[in-house]
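Join the two chains, each given in its own frame, into one complex according to the hints.
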Amino acid sequence: MGYWINWVTIFRNLFFSVIFGLVIPYYLVNYVDPSGLIFDLDAILFNGVIFVVVYTIYGIFNKDTVIRFFIGCCWIGTLIYFYTVGSNFFTFYIPHSGFGQLSIDGNYRGIDFEFGYNYFWIIIATLSLKGLNILRHLIKPPERRFKQLTISEKFGKK
Amino acid sequence: MSLADNLAKVKFKEESKGFRHKLSIFILILIVLGYLCLYGYLGYVSASAYGMKVEMKDFEDSQPDNTTIGIDGAVIIHNDHWYSADITDIDIKMTIYTEDDVKIKTKRIHYDIIPRLKKKEIDLDFTFTLEDFDYDISELMSLNQTDELEIKFEASFTYAYVHTYSFAITISTDLE
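Chains as they are written, first to last, in our numbering: chain A, 707 to 864; chain B, 21 to 196.
These aren't lab readings, by the way, just hints derived from the structure by calculation. Keep in mind the model is a prediction, meaning the values are calculated, not measured. Ideal Cβ placement from N, Cα and C applies to all residues, glycine included. Just so you know, not all the hints are guaranteed correct.
Straight line, CA to CA, 20 Å or less: simulated SDA-like cross-link-like pairs of lysine to any residue [to be verified]:
id	chain 1	residue 1	chain 2	residue 2
1	A	K769	B	E34
2	B	K77	B	Y131
3	B	K140	B	A175
4	A	K846	A	N768
5	B	K172	B	K139
6	B	K33	A	T771
7	B	K172	A	G812
8	B	K113	A	F819
9	B	K139	B	S192
10	B	K42	A	I763
11	B	K31	A	I840
12	B	K140	B	H98
13	B	K125	B	H98
14	B	K172	B	K140
15	A	K836	B	S44
16	B	K31	A	I763
17	B	K77	B	E174
18	B	K77	B	V52
19	B	K31	A	F796
20	B	K42	A	I845
21	B	K140	B	H130
22	A	K769	A	F819
23	B	K125	B	T178
24	A	K836	B	G60
25	A	K769	A	C780
26	B	K31	A	F819
27	A	K836	B	V52
28	A	K846	B	F39
29	A	K846	B	I51
30	B	K31	A	Y764
31	A	K769	B	F32
32	B	K127	B	H98
33	B	K73	B	Y185
34	B	K33	A	G778
35	A	K769	B	K37
36	B	K123	B	K172
37	A	K769	B	N26
Take a look, some chain A residues computed to stay more than 10 Å from chain B by CB distance [as the list claims (entries may be wrong)]:
id	residue
38	W713
39	F717
40	V729
Only chain B is shown next, with the shape it has when bound in the complex (with noise of 0.2 Å):
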């Protein structure tokens, strides 16, 4: 007799089918009513984040000299409609490179949280003078094999405390 014939014979035992059965059924009201709240869920989510606003305030980049460059403004969050969800663990973050990779400088702004039903404002200032940065002006230019410099751009929220989002951007400028 082989192995899989052996394996086959071991059965639940007949005395279990009332309580397999009763089980099961307790399951299977366990999965409605999980597949209800999480889709239940998933719509209020989805309908509180489509009602949020966000709002561009004096935003300008500011090269005002050649020894200064950033991005200067406020992002006006509107968060206070009466279905909206509290925005937590928000990450701004700006990072200036040499073309090789080599990190210069960051400046980062974070917040708590952003609670349901209010309106936050969040201003933002990126400049960057030359006296900012980690090394003086002839170490940068040596790092750097070009006169460009990489600015990086990050962001990241999570939203009603399940769905984290981040996006980022790089442009390059000259350093001239």
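Just chain A, with the same shape it has in the complex (with noise of 0.2 Å):
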């Protein structure tokens, strides 16, 4: 066991969610908005740990393998599933968005007022082409790796 495991790539994947997912996002939103009137700290948590489980498992096969292929079609539906409820890394920039949708309320010198936008092309676009990117990189052959030479090697040829 272990020949089939990319243990780069794990590691990797691991530790850029973790950091992004989780980390980053639980120090932010403690600092920008401790009480939670704009994002819901509970429910970035929750996404973050989904984001560090699919991604980290999508780094475990080597390239170029089928079970890899599919793993990442997966992924690819985690990040729709990302971008329709909001509140993860990835719609950070937008508290409480799901698709597409801003709402903002509040109250201003005793007026009661709502705003909302919905940018909902925005975020087909994004996720079509960020899916596209995630496929060619799936169906992309594996670079050819060159023989990494020695200083001795380099130096003997000459």
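Here it is in structure tokens:
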């Protein structure tokens, strides 16, 4: 066991997803919005755990295997979920956004106000382009790797 | 041999390398073109929205007596700059509620389109008298626990067919 695991990718994905899916959102939300008025920290952390699990699994298998292709398709599906429900690293810049819907309400000098902005077409376009890019990585043949020469080999050839 | 070992053995055929390489280049071209179109169109829409101007004309709240309430006036939308875009599905609505959120009356103004390169004046007449209400005054007073009414003013529109905006304000007013 073990030869099929891409250890470099699995640890890189795990590190990246924990940092960007859990650690940064946790400290950022507590710093920017400690009372939880704008951001839903529980939802962000829940989606962060999903991000860590799926993205780490995505890094397990070596390139050019069919199983990695299918897991990659699931990763695209997970991205669609993230953009649909909002409150995660990928839609972090827009509070409480669900599939391109931004809503803000509040009270200004005694007058209740609501503002809504729907940008679903940007979400669909971004998702399609991201999905295509992941698909491109999945079907692209692995790059030809040249033999790493030692210094003595390099100088010895001259 | 474990399931993972078996799964890891199933690889793409060696003969498919050339096809997959060409397909990945084709997808890369699509992605580059897609991002160029996306950011290009976003830039155009932002610039065209920035050039739009809205002007209020004779805008005042109308409450000449204690049986009439409302807002009267006009809004002029300057969508006539050369790089403008169409504004569609313009919906302006004013609703009066009792304090217990019972809807009393709604007036609505709808325009299908303000085409680009055009200026449009939208008349707003949201004046309500007691005769307009769906309830007579005794029913209204029994529905409402206080002497207050809530007026909700809502507007929504679609810009350049892809961006939908909406806003609403709610104000309270005395019946006296």
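Each hint, compared with the structure:
no., hint, result
1, A/K769 x B/E34, "13 Å, holds"
2, B/K77 x B/Y131, "18 Å, holds"
3, B/K140 x B/A175, "16 Å, holds"
4, A/K846 x A/N768, "13 Å, holds"
5, B/K172 x B/K139, "27 Å, violated"
6, B/K33 x A/T771, "10 Å, holds"
7, B/K172 x A/G812, "14 Å, holds"
8, B/K113 x A/F819, "14 Å, holds"
9, B/K139 x B/S192, "33 Å, violated"
10, B/K42 x A/I763, "28 Å, violated"
11, B/K31 x A/I840, "18 Å, holds"
12, B/K140 x B/H98, "7 Å, holds"
13, B/K125 x B/H98, "31 Å, violated"
14, B/K172 x B/K140, "24 Å, violated"
15, A/K836 x B/S44, "14 Å, holds"
16, B/K31 x A/I763, "18 Å, holds"
17, B/K77 x B/E174, "19 Å, holds"
18, B/K77 x B/V52, "47 Å, violated"
19, B/K31 x A/F796, "31 Å, violated"
20, B/K42 x A/I845, "10 Å, holds"
21, B/K140 x B/H130, "13 Å, holds"
22, A/K769 x A/F819, "52 Å, violated"
23, B/K125 x B/T178, "25 Å, violated"
24, A/K836 x B/G60, "17 Å, holds"
25, A/K769 x A/C780, "16 Å, holds"
26, B/K31 x A/F819, "57 Å, violated"
27, A/K836 x B/V52, "11 Å, holds"
28, A/K846 x B/F39, "9 Å, holds"
29, A/K846 x B/I51, "14 Å, holds"
30, B/K31 x A/Y764, "16 Å, holds"
31, A/K769 x B/F32, "10 Å, holds"
32, B/K127 x B/H98, "24 Å, violated"
33, B/K73 x B/Y185, "16 Å, holds"
34, B/K33 x A/G778, "18 Å, holds"
35, A/K769 x B/K37, "13 Å, holds"
36, B/K123 x B/K172, "10 Å, holds"
37, A/K769 x B/N26, "15 Å, holds"
38, W713, "13 Å, holds"
39, F717, "17 Å, holds"
40, V729, "29 Å, holds"
In this structure, the hints that do not hold are numbers 5, 9, 10, 13, 14, 18, 19, 22, 23, 26, 32, in rising order.
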